[in-house]
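Novice: Chain H: place on chain Z using the hints.
There are 2 protein chains.
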Amino acid sequence: MNTRKTKINIPKSELPRVVIVGGGFAGLKMARKISRKHYQVVLIDRYNFHQFQPLFYQVAMAGLEPSSIVFPFRKLFHGEENIYIRVTEVTEVDLAAKELETPLGCCDYDHLIVATGADTNFFGNEQIAKKSLPMKSVSEALYLRNTILDDYENAVSTPDYEERQELVDIVIVGGGPTGVELAGALAEMRIHVLPKDYPEMNVKDEMDIYLIQAGDILLAGMSEKSGRKAEKYLTDLGVKVLLNTRVTDYDGQVVTMADGSTIPTSKVIWAAGVTGQLFKGLPQVAVVKGNRLKTNSFHQVEGVEGLYAIGDIAFLPEAKFPEGHPQVAQTAIQMGNNLGKNFNRMAKGQTPKPFSYNDKGSMATIGRAKAVVDLPKFHFSGFFAWIAWLVVHLFAILGAKNKFFVLVNWMSNYINYNQSLRVIIKPKKEG
Amino acid sequence: MNTRKTKINIPKSELPRVVIVGGGFAGLKMARKISRKHYQVVLIDRYNFHQFQPLFYQVAMAGLEPSSIVFPFRKLFHGEENIYIRVTEVTEVDLAAKELETPLGCCDYDHLIVATGADTNFFGNEQIAKKSLPMKSVSEALYLRNTILDDYENAVSTPDYEERQELVDIVIVGGGPTGVELAGALAEMRIHVLPKDYPEMNVKDEMDIYLIQAGDILLAGMSEKSGRKAEKYLTDLGVKVLLNTRVTDYDGQVVTMADGSTIPTSKVIWAAGVTGQLFKGLPQVAVVKGNRLKTNSFHQVEGVEGLYAIGDIAFLPEAKFPEGHPQVAQTAIQMGNNLGKNFNRMAKGQTPKPFSYNDKGSMATIGRAKAVVDLPKFHFSGFFAWIAWLVVHLFAILGAKNKFFVLVNWMSNYINYNQSLRVIIKPKKEG
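First to last, the sequence lines map onto chains Z and H.
Note that the first sequence ends on residue 431 in the working numbering; no numbers are left out.
Note that the second sequence ends on residue 431 in the working numbering; no numbers are left out.
Bound conformation, chain Z alone (with noise of 0.2 Å):
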């Protein structure tokens, strides 16, 4: 069947059309606010559905389901007029003529929304993209999880205690949010769950979960008081947090640092860094470091008419942020906010308002009842600040039942001191 067209198939309309291309929390927001009595909007996305990043890791670590923290876009504007959603993928733009290729068909436009997002950056080494696990995607982590309890069923039949070694071990690259919360939960799974799912071994000492950062501070993004408790909370844990280490090869069984010291390991997580998702066709021009598109304080990328970038792949420098703001929820709802208001305000003849950031603080959990939030003027961890990160990332899951869910499985395992969830499913035709 020749799914090739010359045009995808959405209605002519009157109405601008505007396009934003990716679904996470600055595109969806932006499609959410721009007003559809004004523009036909279309949304592109290659998943089918929205994905809350914030709990990928609690997925890895079997903790939810990937259908709780993830809503779909058809769901999402049910009953409402003037939105067409299309899951595929851009492959190109011609800025010139305002048309986009996907394997859909080519798709026009009058204003062309970037809000692709950022992927995992493995700094050009190859070896360490095709050896080692990201985590960029709902599925992503479910592949993480599948992989962690594949090596477990292996390693229990494996009588070899150096062969065992290398499949228990767990080397997390990166110690921002992602590598700090997704090591934390790994510890609390050593310490209450693997030694009930597998008494034929000695998980505690046989399991070691390493952690390794560039720099001399965990969470670079926050307070030094975070970093440095966040690092206490995890080495209280079990972790070995290696800092001022750079992890240089990963051959798919051993580690080697800058230094030249080694671990063995079947997994490597990396989360050291991310790189913007970009599309053939975007200015080159435009592109700064970490593969970010530059705009103005309008989400324009300047001297293209009708280009805007916004969340993770906006590179938007502001006083405060002389290197952009932080790649994070956060901005990136702000930025598809303030874009979508913007659209309706120039509809009604009014002036766009420039852009500017709220911080509202960060924050990030370590294993079970520990966390640390630094807000603008003030800092805490502990308890506290681990009951605010669940109200906070509760209220911000998409959907009342997904809420709900959420909060049982949270409570569930919070009582119980288990994932219940420990499942290795892989959709396929067998036999």
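Honestly, the hints are just simulated from the structure, not real lab data.
Heads up, a few of these hints could be off.
Identical chains blur together in the list; that is why a pair holds if it fits in one copy or across any two.
[Unchecked claim] Calculated cross-link-like contacts (lysine-lysine; reagent style PhoX-like; alpha-carbon spacing at most 20 Å):
#1 Lys353 x Lys294
#2 Lys204 x Lys75
#3 Lys428 x Lys131
#4 Lys401 x Lys196
#5 Lys401 x Lys428
#6 Lys75 x Lys196
Specialist: Chain H alone, transformed into the frame defined by chain Z:
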């Protein structure tokens, strides 16, 4: 890394070793019943979880998450001794040496329980096997869900009417409980969910659901009343039920019937029969129709010392069941129970009891708030049959949290006319 070893890593024991192959209804019941003070028990399954097969169709229809209807074996046996779970597949048995081959190494046994169940039967048609969609595992159910959703996403951007028909029409082959329940759920989705998800398409007019049955009645294993009632329910829901119709071929685009008529469709769900999952080395002389292993009423394969078969793969002719028992959960559970108890009886020097099937009746649900129930002396249908169906299945699901999540999903689906799990998730490592 070489995972193929001479011996699978299980401690030596002075107790006789009972190896159960397959953790479905029969194998799991047996593993839970047999006394591990008298036997060392090894449970081998290709998955690390037990699957609740009667609800696969709800996973396929995005009504339930797979994790709600599966349960990890290791969690089930937390804190229990002398049970060894190995996630692998048996490739061959050497009956003379009493030894199994698996990719994890070989495993000797004193008693071997074959509880491998049945898989989809394509009756030797390789083209149908290759092109149609089976649904005999939770992985296959998820794959089916993803395929249906993918095809709808493609259909929405396909302007050509004929091409779109192929993508949205669905043919189900086989009018047993699986086919009937799937057809009912799909019909409800066509009425209540898809028009809201795809307002751009005229779902009700465009989407045809065919249920094709070779015999002259649906639910052939149940009463005639139930079969006729199910047919009426499905027809009322808009399903095209074709009786006395035999599918002879499917090439991925067109279904061909014995009378030469055809239906164009990209999706055929094959639920037309099952065949026992034998492995190499089992005694050919004991293999009967449907690839089942013939046993005596003590579940022994006669003429082979220490070999037993229970569940869907067992053929145990009783006076009332000259063709063998129905291949359903009830039979499997009762066989596992009896054989487990017989082993305990033998350990205490008592005589084992012959198997006698206790027919508790059968039931099938057809869409929203409708079902048919056959009790041994009584038939009923409609809303109360549906409530009975819900209660029976809810109680049978393993795990309190699973029961709770299934119940909440069912209530939510019933109130909102809407399944919320329409997300296409494939665990994978992405580029």
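Novice: Look at each hint and say if it fits the structure.
Specialist: Hints, verified against the model:
For a Cα distance limit of 20 Å, the shortest separation of Lys353 from Lys294 inside one copy, 18 Å, qualifies, whereas the shortest one across copies, 79 Å, does not. Taking CA atoms no more than 20 Å apart as the test, Lys204 paired with Lys75 passes between copies only; the shortest distance there is 18 Å, against 44 Å inside one copy. Proximity of Lys428 and Lys131 under a CA criterion of 20 Å is satisfied inter-copy only: 13 Å between copies versus 23 Å inside one chain copy. When the C-alpha separation of Lys401 and Lys196 is checked against a cutoff of 20 Å, the pair qualifies only between copies, where the shortest distance is 19 Å, while the shortest distance within a copy is 31 Å.
Neither within a single protomer nor between protomers do Lys401 and Lys428 lie at most 20 Å apart by alpha-carbon distance, with minima of 27 Å and 26 Å respectively. When the C-alpha separation of Lys75 and Lys196 is checked against a cutoff of 20 Å, the pair qualifies only between copies, where the shortest distance is 8 Å, while the shortest distance within a copy is 40 Å.
Going down the numbered hints, you'll see the structure goes against just number 5.
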